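Those protein sequences? They're chains A and B, same order as listed.
Our numbering numbers the first residue of the first sequence as 835 and each following residue consecutively.
Our numbering numbers the first residue of the second sequence as 1427 and each following residue consecutively.
You may find that some hints are simply not true.
[What the hints assert, rightly or not] Simulated DEER-style distance windows between Cβ atoms:
1. Lys1435(B) to Leu882(A): 20 to 28 Å
2. Gln917(A) to Arg1503(B): 26 to 34 Å
3. Lys1440(B) to Asn901(A): 42 to 50 Å
4. Gly1466(B) to Glu860(A): 19 to 27 Å
5. Arg1537(B) to Ile845(A): 34 to 42 Å
6. Thr1512(B) to Ser876(A): 19 to 27 Å
7. Leu882(A) to Val1523(B): 15 to 23 Å
8. Gly1466(B) to Ser876(A): 17 to 25 Å
It is worth saying that the hints were derived from the structure and are not from the lab.
The structure presented is a predicted model; accordingly, all values stated were derived computationally and were not measured.
C-beta atoms are modelled at their ideal positions from N, C-alpha and C, and glycine is treated no differently.
Single-letter residue listing:
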Amino acid sequence: AQKVTQAQTEISVVEKEDVTLDCVYETRDTTYYLFWYKQPPSGELVFLIRRNSFDEQNEISGRYSWNFQKSTSSFNFTITASQVVDSAVYFCALSEGSNTGNQFYFGTGTSLTVIP
Amino acid sequence: NAGVTQTPKFQVLKTGQSMTLQCAQDMNHEYMSWYRQDPGMGLRLIHYSVGAGITDQGEVPNGYNVSRSTTEDFPLRLLSAAPSQTSVYFCASSYSVRGYIHEQYFGPGTRLTVT
């Protein structure tokens, strides 16, 4: 079974619109870590955020915000006032910690296109 | 710090050839991993290592070998290349502090084509 599901394969928005990328995870561990990465067209993987299972505070960084809800096993990512530079593939990932060799499980990614 | 480096950036192989993708990190990270990225499939773990001398299989290990003789280096060997191994390969490293997991740092990737 997929440990991380990103049901949205592709999303297109017009510049300045808000967009939310969904991420649903599955784990039986009580300690785990969630991540978001961005992969722009140039191909590199850029780390955006890490969240621990024991810290459910939402986080805002500029136009980016993350909503972590353990009750629904979701870790959604919202971009406010999207810009063309936000066009990329976004990956959500789960790590169950050092007991599993720090394996990361990635979702299949959401391709975001921001239309000018 | 150079971070995570990978060589080569591009490679074309014929079916049946073998080769080694190089990966090195200079951050003294204990964890290292190899992924392959295929369209629509995200990043899939091939092999990983929790420290020098210790490696284990990930989700898609068939056709690949790894070794970790030093903390810095984690080469990936393709034993007999097949067209199904055409992909982009990423190496990553990470670390933990008192069991607290930190993010993975990724190399720039190797684009491999097997004809």
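Structure-based check of all given hints:
1. Distance hint check: the CB atoms of Lys1435(B) and Leu882(A) are about 24 Å apart, consistent with the given range 20 to 28 Å.
2. Gln917(A) and Arg1503(B) have their C-beta atoms about 42 Å apart, which leaves the hinted 26 to 34 Å range violated.
3. The hint said 42 to 50 Å for the Cβ distance between Lys1440(B) and Asn901(A), and at roughly 49 Å that hint holds.
4. In this structure the hint that Gly1466(B) and Glu860(A) lie 19 to 27 Å apart at CB holds, the actual value being about 20 Å.
5. At about 26 Å, the beta-carbon gap between Arg1537(B) and Ile845(A) misses the expected band of 34 to 42 Å.
6. Here the CB-CB span from Thr1512(B) to Ser876(A) is close to 20 Å, well matched to the stated 19 to 27 Å.
7. Separation of Leu882(A) from Val1523(B) is about 20 Å and conforms to the stated range, judged on CB atoms against 15 to 23 Å.
8. Between Gly1466(B) and Ser876(A), the C-beta spacing of about 20 Å keeps the proposed range 17 to 25 Å intact.
Violated hints for the displayed structure, listed by number in ascending order: 2 and 5.
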